[in-house]
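Place chain U on chain W using the hints.
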Amino acid sequence: MNAMTRTAGAAPDGMTAARPRRDPVVWVWKPLVWAACLAPLGWMVWLGFTGGLGANPIEFINRYLGDWALRILLVSLAITPLRMITGLKQLVRLRRLVGLFAFFYVVLHITNYVAVDHFFDWRVILEDIVKLWYITVGMVGLAALIPLAVTSTKGWVKRIGGRNWTRLHKLVYLAGAAACLHFFMMRKGFQIEPLIYAGVFALLMAARLIEPLKRRFKA
Amino acid sequence: MLIKFKKASDVLGSEITPKSVFDRRRDFLKTAAVAGAGLALGALPTLPALAAREKLEGVKKTKWTAESLGEKDKPNDYDVIAGYNNFYEFGTGKKDPSENAKKFKPLPWTVEVGGLCAKPGKIGFEDLIKPHMLEERVYRFRCVEAWSMVVPWVGVPLGDVLKRFEPNGDAKYVYFETLFDPERMPGQRGPILDWPYKEGLRIDEAMNPLSLLVVGLYGEVLPNQNGAPLRLMVPWKYGFKSIKSIVSIKFVSEMPKTSWADYAPREYGFYSNVNPKVSHPRWSQASERRIGELFRRETLMFNGYEEEVAHLYKDMNLQKWF
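If you read the sequences in order, they're chains W and U.
Using the working numbering, count along the first sequence one by one with no gaps and you end on 219.
Using the working numbering, count along the second sequence one by one with no gaps and you end on 1322.
Worth double-checking, as some hints may not be accurate.
Said to hold, decoys possible - Listed below are the simulated DSSO-like cross-link pairs for lysine-lysine, each with C-alpha atoms no more than 27 Å apart in a straight line:
#, chain 1, residue 1, chain 2, residue 2
1, U, K1061, U, K1172
2, U, K1072, U, K1061
3, U, K1094, W, K131
4, W, K188, U, K1277
5, U, K1072, W, K188
Said to hold, decoys possible - With the Cβ distance kept under 8 Å, some of the chain W side facing chain U (calculated, not the full set):
#, residue
6, A55
7, V124
8, D128
9, G189
10, F190
11, Q191
Claimed, not checked - If you want the footprint, here are the derived chain U segments under chain W, 3+ residues with CB under 8 Å:
#, segment
12, 1089-1100
13, 1200-1209
14, 1271-1285
15, 1289-1300
The set of hints was computed from the structure by calculation and includes no laboratory data.
Everything numeric in this text was worked out from a predicted model, so none of it was measured.
The beta carbon of each residue, even a glycine, is placed where N, CA and C say it ideally should be.
Isolated chain W, as found in the complex (with noise of 0.2 Å):
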């Protein structure tokens, strides 16, 4: 369990060789992370075959892959905290792949939007997002992503080195802010929803200040 002494958050998941041969991480905290995060695309897919989308599918579908979408972004930003507090160091080698399934439902989101709500009108969609500040939001959040998700690989890891790979992958925190802004803007009326996961995002973004204060404290 101990092989990685390195510090967390200087290199990503899979850069230590050293390893038990059957290493729970792999065998079982990455299958239970495909199965969770897969499960609610499932539980969609099951509705969508036994008439559950109700009235309006194409806008069920396209908050509820919203709303996964923010939270399980929310979950990847949860794990250098818990780690923080748990001092389990084998919690960071998930946030990789959950990151991922995070850009996964981003994108499906994306394409229900593109492709089934508006068909590939372009000339509409670059209207929505140039005229409707949600959705302009809403994308300035994906773009964040885009760059992370191309360069989550090893190989982009080694290409930029550990360091600027760390500071680049901080536009995670604009992606999430992005996310929760487009979420409050889109609800109408003064909603608590939106301002929940807003307040777990502050949350997640406070807790990251603690171990730095702790140690201009200390100093």
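Below, chain U alone, put in the same frame as chain W:
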């Protein structure tokens, strides 16, 4: 001065069960009875809430029929119209109202009519509607969220009802309010909007023959989730203008404050006429999705009722008065 002598048999005010508690007791007994019957039959208890669908008698056809709308505007199914609702008083999800309004009992219902008119007063639902012939009108319905339906409403012309209260010359607007009762409307327990829901029309809009006070759907009593027992339907405006579960109608001289325009004045105007050329900060209004269809369709000016209502706005800048 009235002096009241207390009799021994008089009930103290403190002894009277509040009506809300009493009503709940009846609910409880009913539920218990049904559950008991269900258990006795060896079946699962069925909820008594599945509202009986009651037919309305003597509904006459008008020129606004499904046939007159044609192939492109076929009425949506009852289940769709009664299962996909924006009625935040019963929750913000589209399915929430049909779930949360099951137990709502609209009757008895009183409407208070007041303001600048000769005959103000409180009037029971039946007395308000009975003098008029019920009409079926199949209208296009366009939500500000860029989806639409075709709905066979049953109702009475709003103008005919309003005239009975004899509004005077200063009455330039009509103001409406929805019931405020968080016990019966659970959505009102949260601060989603500044309850009660408020809406308004200019008096000539209200008197337009298209404006309808709705009491039914598909020839039956209006389902709770669609705004029972009494709602407005102004088909050339976005759906939120057609206020539901109306308890108050007031004739006023100034443009009244309305819920959504008050919540976000940049996004929602008082008029809120369906207009494909004026886009909303959240939804482009150029196109809409008809519920039940895959592809979007172009949105029509005044939701296709240009002929009937365009004259009401002929010298107005509709970009400004959105």
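Status of each hint after checking the structure:
no.: 1; hint: K1061(U) with K1172(U); verdict: violated (31 Å)
no.: 2; hint: K1072(U) with K1061(U); verdict: holds (20 Å)
no.: 3; hint: K1094(U) with K131(W); verdict: holds (26 Å)
no.: 4; hint: K188(W) with K1277(U); verdict: holds (22 Å)
no.: 5; hint: K1072(U) with K188(W); verdict: violated (30 Å)
no.: 6; hint: A55; verdict: holds (4 Å)
no.: 7; hint: V124; verdict: holds (7 Å)
no.: 8; hint: D128; verdict: holds (6 Å)
no.: 9; hint: G189; verdict: holds (4 Å)
no.: 10; hint: F190; verdict: holds (5 Å)
no.: 11; hint: Q191; verdict: holds (6 Å)
no.: 12; hint: 1089-1100; verdict: holds (count 3)
no.: 13; hint: 1200-1209; verdict: violated (count 0)
no.: 14; hint: 1271-1285; verdict: holds (count 5)
no.: 15; hint: 1289-1300; verdict: holds (count 6)
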